[in-house]
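According to the numbering used here, the sequence shown is numbered sequentially starting from 328.
Check the hints yourself; a few may be wrong.
Unchecked claim - Taking CB as the label site, the calculated pair distances span:
hint, residue 1, residue 2, range
1, S512, Y362, 33 to 41 Å
2, K381, E331, 45 to 53 Å
3, K507, E338, 43 to 51 Å
4, S345, Y387, 23 to 31 Å
5, L386, K352, 30 to 38 Å
6, P421, Y362, 12 to 20 Å
7, K356, R390, 19 to 27 Å
What the hints assert, rightly or not - Calculated cross-link-like contacts (lysine-lysine; reagent style DSBU-like; alpha-carbon spacing at most 35 Å):
hint, residue 1, residue 2
8, K351, K507
9, K517, K356
10, K361, K344
11, K361, K507
12, K352, K515
13, K352, K329
14, K344, K400
15, K356, K400
16, K344, K381
17, K507, K381
18, K451, K381
19, K509, K490
These are computed hints drawn from the structure, not numbers from a lab.
Glycine included, C-beta positions come from ideal geometry on N, C-alpha and C.
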Amino acid sequence: MKFESLRIQSESYMVHKSFPQQLKKRIFKYYDYKYNNKFFSEQEVLGTLSEHLKMEVLLYSCRNLIQRVHAFKGLTRSDVGCILAQLKQEIFVPGDTILNSTEDTGCIYFILLGTCGIITLRGKEVMHIEDGDFFGNILEPKEFGAENILYSVLALEMVEVYKLEPEDLNYCARTHPRIKDKLESIEKAKYRRYINLFRAEDDEDTTGDILRELRKKKILEQGLHRSLFE
328 MKFESLRIQS ESYMVHKSFP QQLKKRIFKY YDYKYNNKFF SEQEVLGTLS
378 EHLKMEVLLY SCRNLIQRVH AFKGLTRSDV GCILAQLKQE IFVPGDTILN
428 STEDTGCIYF ILLGTCGIIT LRGKEVMHIE DGDFFGNILE PKEFGAENIL
478 YSVLALEMVE VYKLEPEDLN YCARTHPRIK DKLESIEKAK YRRYINLFRA
528 EDDEDTTGDI LRELRKKKIL EQGLHRSLFE
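Just need the whole structure built from these sequences, with the hints factored in.
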């Protein structure tokens, strides 16, 4: 009944604000996924429990996240519990931009369910990340010569992630050093992969530029700009 009441209120609000049909569909898709026809206040329920029971509920509720996220493998129960206690759930509908590397907030996102695309600034989809992966920057890209690798992360379907904010990450790293070591190790491997991936993408774009210039006969007439080979 509470869920139906929420839908009715939302629909009245959207009609009043003259929302376009496509936006209405996206909002209802979000509600259907997040609440699954049920409506309750998780904070009110957890607020009635002891700290020990809260942690037990947290570990049980996040069991799928624990099993799927590769970064949690090899960490102790205490390490994982520290991370889980700081996470905030977020849900994205298809087409949502979750992260833009030009406006990086320093947050880390762990994917529980769904597939995201890594999109270049030119709008090309170069790879997918999915259940169990995480994204966001822990280390400075310039440490790996990756400061020029700019991309966005786009939800390709309904995506459920758990976000760890910078101050919470720092707290976890300070109290459980293994967490920082594990995430940084994965981050270094990610940057090596991205550098190779984006370098291949640049090479492909350069080849395309050369072919286009050849077709226009501009290379023979005025020469090819040196920057294409740098």
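K351 paired with K507 [C-alpha distance capped at 35 Å]: violated, 41 Å
Given pair status - K381, K451, alpha carbons within 35 Å: violated, 43 Å
K352 paired with K515 [C-alpha distance capped at 35 Å]: Measuring from Cα to Cα gives roughly 39 Å; hence the hint is violated.
Distance restraint evaluation - K356, R390, Cβ atoms, bounds 19 to 27 Å: Roughly 26 Å apart at Cβ, these two residues keep to the hinted range, so it holds.
Holds or violated: K344 to K400, with C-alpha atoms at most 35 Å apart: Given pair K344, K400 is violated - Cα atoms ~47 Å apart, limit 35 Å.
Range hint 43 to 51 Å (beta carbons of K507 and E338) holds or violated: With a Cβ separation near 46 Å, K507 and E338 satisfy 43 to 51 Å, so the hint holds.
Pairwise hint evaluation, K381 against K344, where the allowed Cα distance is 35 Å at most: violated, 40 Å
35 Å limit on alpha-carbon distance, applied to hinted pair K509 and K490: holds, 17 Å
Distance restraint between K352 and K329, which requires alpha-carbon spacing of 35 Å or less: At roughly 20 Å apart (the allowed maximum being 35 Å), K329 and K352 satisfy the hint.
Pair hint K517 and K356, alpha-carbon separation not exceeding 35 Å: holds, 32 Å
CB-CB spacing for Y362 and S512 relative to the 33 to 41 Å hint: holds, 37 Å
Restraint check for K356 with K400, where alpha carbons must lie at most 35 Å apart: holds, 32 Å
In this structure, the hints that do not hold are numbers 2, 4, 8, 12, 14, 16, 18, in rising order.
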